[in-house]
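*Asks:* These are the residues of each chain, in order.
Protein chains: 2
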Amino acid sequence: MTTELVVDVKNQVQQALAEVEKRNISNVFFVACGGSSAIMYPSKYVIDREAKVLDAHLFSANEFIHRNHAKLGSGSLVILCSHSGTTPETVEAAKFARSKGALAVSLTNEEGSPLALASDVVLKYQWGEEANAFTTNYSVLYQLVFGLLKVVENNEKASIVEESLENLQNVYEKAAALYQSKAEAFGQDYKDEKIIYTMASGVNYGVAYSYAICILMEMQWVHSHAIHAGEYFHGPFEIMDKETPFIILLGLDETRPLEERALEFSKRYGKKLVVLDAKDFDFTGVAEEVQGYIAPLVLNYVLRKYADQLAEARNHPLSKRRYMWTVEY
Amino acid sequence: MTTELVVDVKNQVQQALAEVEKRNISNVFFVACGGSSAIMYPSKYVIDREAKVLDAHLFSANEFIHRNHAKLGSGSLVILCSHSGTTPETVEAAKFARSKGALAVSLTNEEGSPLALASDVVLKYQWGEEANAFTTNYSVLYQLVFGLLKVVENNEKASIVEESLENLQNVYEKAAALYQSKAEAFGQDYKDEKIIYTMASGVNYGVAYSYAICILMEMQWVHSHAIHAGEYFHGPFEIMDKETPFIILLGLDETRPLEERALEFSKRYGKKLVVLDAKDFDFTGVAEEVQGYIAPLVLNYVLRKYADQLAEARNHPLSKRRYMWTVEY
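These protein sequence lines map, in sequence, to chains A and C.
My numbering numbers the first residue of the first sequence as 1 and each following residue consecutively.
My numbering numbers the first residue of the second sequence as 1 and each following residue consecutively.
Wrong hints could be hidden among the right ones.
One copy or two, it doesn't matter: identical chains are merged, so the pair holds either way.
In silico lysine to aspartate or glutamate, EDC-like type, Cα no more than 16 Å apart, as pairs [to be verified]: (1) 267 <-> 328; (2) 71 <-> 153; (3) 71 <-> 55; (4) 71 <-> 50; (5) 10 <-> 192.
Hints listed in this document are in silico derivations from the structure and should not be mistaken for laboratory results.
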């Protein structure tokens, strides 16, 4: 990656943190829709586990506005995200947040977009095949969140997370290469399925959610649902049988035992199981103490290859839509 | 209902609140699994909107333990629920909460159960066809939550909520009677469906979640997923077509516009739509300012009739299980 882009991302994050330092921030709201919301789930997990002072809340943008959380105010940092910066609910949420006196920091790929204009600080992230992991949405968000924890309550993980993220692209590529043949087999083996569930827990749940609603439902018109691996045993597992496909994620965070238990049960009664295990990945360059937090980013990257293969095998491009970009709603 | 039971429920709640008053409670964790977790979603909505001091968190019991939220401590009230009081993860969660110095208050139908024994305070609720709404799980939980808001921060809704809950059974019965023929039609019209989605937002989302994972997946082995009405437009709506059934809930809370928008879109492109609208219900006896909070309880009650009818039409009893009560897990 170019040094210029790395420096630019770091400078942007520092600008956001400079605004945080001017205020007395006591809580964080993660606000976005769909896939942009899903990338925020790991950050809520991080704050839940790490923060002695800050509270974290996560809402879909329109729910955020209408729920009107009583704690939203001048002590709030509202972190928003929209790739195009045009998602109407998220733009409105930024305006709503600022009307309450909150600091609105937005991640987007489009600097001049309505979301960028509606926010106090804008963090532009890179996107696509050529982008280095350090400059992409998940990474920029983690830099912001760990920077926030440092600024507000002297949490010391920010620098090791930053260093780890600088080495992430290499981890991505090795993991994708390792799972390439499995991704291809997934495309072939599951191309005729009408429903595919995903399952995970803890810091990885958002990745399962994103794959269910964005890849399978939105981009492939395949029925899906992200099942929480702990909730699985309290209802959802009754639909498990040899015909029902499940993508099961295993991370490296503290909730891994939940995912392992769900996998173990599924192996006894299911047959169509697609397992991605972060233990298989080579995390060289990522500090061991934050590998649990970084694992969902790698799982998400590898899953994208599974999406590509499924789309190709089904002859249904990931960009195909019935309603989005097509009808008013 | 017998005056004795009403007095008993009120006394139990007062005992829990007396324990709250002895401590300096700053946050609440709602901790349970599956259907017992789902009944807590409305309470989180209430605290999010009403509380100036208290923070609310909601986790599946095993996630709660392993996530190990940094704010869990002596200033925490942990509210747990398990019908039988034997759910292992929830019993462990009560022990974990107390090991952190938190106050553990449990709702259960079984006073001498492991969960009851592992908790500081036990609230026994009534259950089944003969139980009056005031004495059942949702109502007892609301009495506790609004009582908490009163004790900790002088919120004034507790007494009107209590009064409204005393009149709830009548609302339930009228709503169920009003929707009886629709419930019967649902059973007949949808008995052969392989997948049925549910959708709602705000205070009603937990009811949609419960119906998806407990009624459809667990008790009927029908594929399902509770879609958030705001997230719908950011992925899930692409699977909407004339063949795909959706149960859409409309409540009376502040997020109703999200549900209305989702319904409006669904009517344009879908055909198999089952709509339950709380505006149809007669809320006489329930104070207008808390009808939004009470609506999910009524929607849930009416939906149970839809479950009964579906089970009958499918000749698949709601008590039938493949794994629960049958195999080890």
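*Asks:* Decide, hint by hint, whether the structure agrees.
*Replies:* Quick rundown of the hints versus the structure:
For the homomeric pair residue 267 and residue 328, the shortest alpha-carbon distance between copies (14 Å) is at most 16 Å, but the shortest distance inside one copy (44 Å) is not. Taking the shortest Cα distances, residue 71 and residue 153 sit within 16 Å of each other only across copies (14 Å), while inside one copy they are farther apart (19 Å). Taking identical chains as interchangeable, the C-alpha atoms of residue 71 and residue 55 lie at most 16 Å apart whether they share a chain (10 Å) or sit on different chains (8 Å). In this assembly of identical chains, residue 71 and residue 50 lie within 16 Å of each other by CA distance solely across copies; the values are 9 Å between and 20 Å within a copy.
Proximity of residue 10 to residue 192 under the C-alpha cut-off of 16 Å is found in neither arrangement, the shortest distances being 45 Å within a copy and 56 Å between copies.
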